Amino acid sequence: MDTVTVKELKKSYNTFPAIDGISFSIRQGEVFGLLGPNGAGKTTTIRILSGLTRPLSGTATIMGYDVVSNPVKVKRSIGVVPETSNLYPELTCTDNLVFAGRLYGMSAKNVKAKADELLHLFGLQEKSDVLFGKLSSGMKRKLTMAAALIHDPPVLFLDEPTTGLDVMSARALREVIQSLKDRGITILLTTHYIEEADRLCDRIAIIVKGKIVTIDTPDALKKSVKTEKAIDIKISHFPYFIEKDFLNITTAIKYEKIEDGFRFFINDIDTFLVEISAFIQEKGLIIEAINTVAPSLEDAFVEITGLKKEAMVQEKGSIK
Amino acid sequence: MNSTIRNIYLIAMKDMKAYYFKPPNISWGILFPLVFILAFYLKSPMEFSHLIPGLLALSLLFSTTSMEAIVITFERMTGALERLLLYPVSVTTILAGKISGGAVFGITVTFVFLSGLIIIFPFHIKDTLLFFVSVIISSFTFSALGAFVSVSVKQVFEAQTLSNLFRFPMIFLSGLFIPVNSLPSIIKPIAYLMPLTYTIDCMKLAFGYEYQIMHPVLNLAVLIVFAFIFLLLSVKILKGRMS
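Chains as they are written, first to last, in the numbering used here: chain F, 11 to 330; chain E, 34 to 276.
For the record, the hints were derived by calculation from the structure and aren't laboratory data.
Hints should not be assumed to be uniformly reliable.
[Claimed, not checked] Straight line, CA to CA, 35 Å or less: simulated DSBU-like cross-link-like pairs of lysine-lysine:
1. K244(F) with K219(F)
2. K137(F) with K159(E)
3. K219(F) with K137(F)
4. K20(F) with K50(E)
5. K191(F) with K254(F)
6. K55(E) with K17(F)
7. K144(F) with K272(E)
8. K187(E) with K17(F)
9. K83(F) with K159(E)
10. K272(E) with K159(E)
11. K137(F) with K76(E)
12. K83(F) with K272(E)
13. K119(F) with K55(E)
14. K221(F) with K264(F)
15. K272(E) with K55(E)
16. K76(E) with K219(F)
17. K17(F) with K269(E)
18. K293(F) with K236(F)
19. K83(F) with K50(E)
20. K144(F) with K159(E)
Nothing here was measured: the structure is a model prediction, and the numbers come from that model.
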């Protein structure tokens, strides 16, 4: 069953097309990623689905409710974590959550219990009486996510959830997202971190300049990359004077030195392994590690979009 | 209907908790009217009691509009207003909540000033009911005016500056110092477009002076109409900015 359905959605700012006829659907319990550089249209898509901005044309439904004609029902079905953690700095963590819950119509008793549960889930129980403005960036992000979950929404929108966070906070937040997925919450996640999309998403839509270029699972996207097969081999105490003998390995097309060993480009893994094993034995060497080299999602992104991977870290508005 | 009123109450309470003591609120909403009152007392202590109803109306105007500049413009700057729009509440409910918070702030400040003035210059209010009703209705009207100004600008200082474009002419043209009936006929229509004119007319009557413009019920009705116009305009502008 599709929880979110988007058809031919368009939105322009002045004459600039922010999103240009995008279509996708998200199944119940799925983590769906919108992956693209800054300015690709990810946030605009979330804003339309959240009822903050009206589309120029096209339709979008969430849990069967149209986002334009039935915004209140839509808002009851979703939790939104915007790009900036915009709770109230002057209110405590508990007060922020209680205020959010009360606006969803929850009773004072229920909302307090739910707030306590969420503070515990996000490891913020010690901070319940601390002002939101006094929290670290990572904690602010967590509390913003907690506020989005206060009414137990079946659908959660996460707009660049880990942007600006330190490594530890980002990792902790990804673990929370994973746990939400395990609870069966449908998640729409926008990110410009390729690795994050790879790790968290069931399916990914790559979006560039307001258009969706492709939608598939991370594995399928990786498999679609046309790269040469390769194997990385690390040999202990490798005597470099015998490196020239690698040229005699006929099943390797070519080889190159990498950080901690050698990468061999090959046609057939089985015949190469037989030959390299014989070579290693003949030279009296010891293999420390051997790995097949699979194309990464980054390789897929670069090949599919024609963009350099650096495009993903450019500031908003600078993508050409 | 019940949930709408509840949401208005929740938003107003949140604003009061979060913003009552923000610096621009204290300077423009509390200190400015206080300085104004002191300045007029020092200028002519003997005639000061005649100015009390008008000065109380003025403190109501400044405190409510200052509060709106904070609760709307400041929240727009920080993105917190957008957060409110994510909840299942209408734009009208959000603005009604913000106007209510501003109105309560204005009423509180005005009654603090009133208490101080009563202690220092013992006087009594002749028509207490009219006074209370005038303060309550005017606070919502002025707060709605503040909301209308605040949704139209981006920064808090812009909201305060634009508010002053409305507030300062009102000081001189709304019958506080010069009776509206004594104004040149070319200026009179401007005075009639200012909500403070109707508040001062009611307040003066409540303090035992003659009303100048019209019966207080009509004055209050005009103030209510002003409040709805400002609310509707604010909603229209905010929705326009969203889309």
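Run the structure past the numbered hints and jot down the numbers of the failing ones, going up.
The structure breaks hints 1, 2, 3, 4, 5, 6, 9, 10, 11, 14, 16 and 20; every other hint is satisfied.
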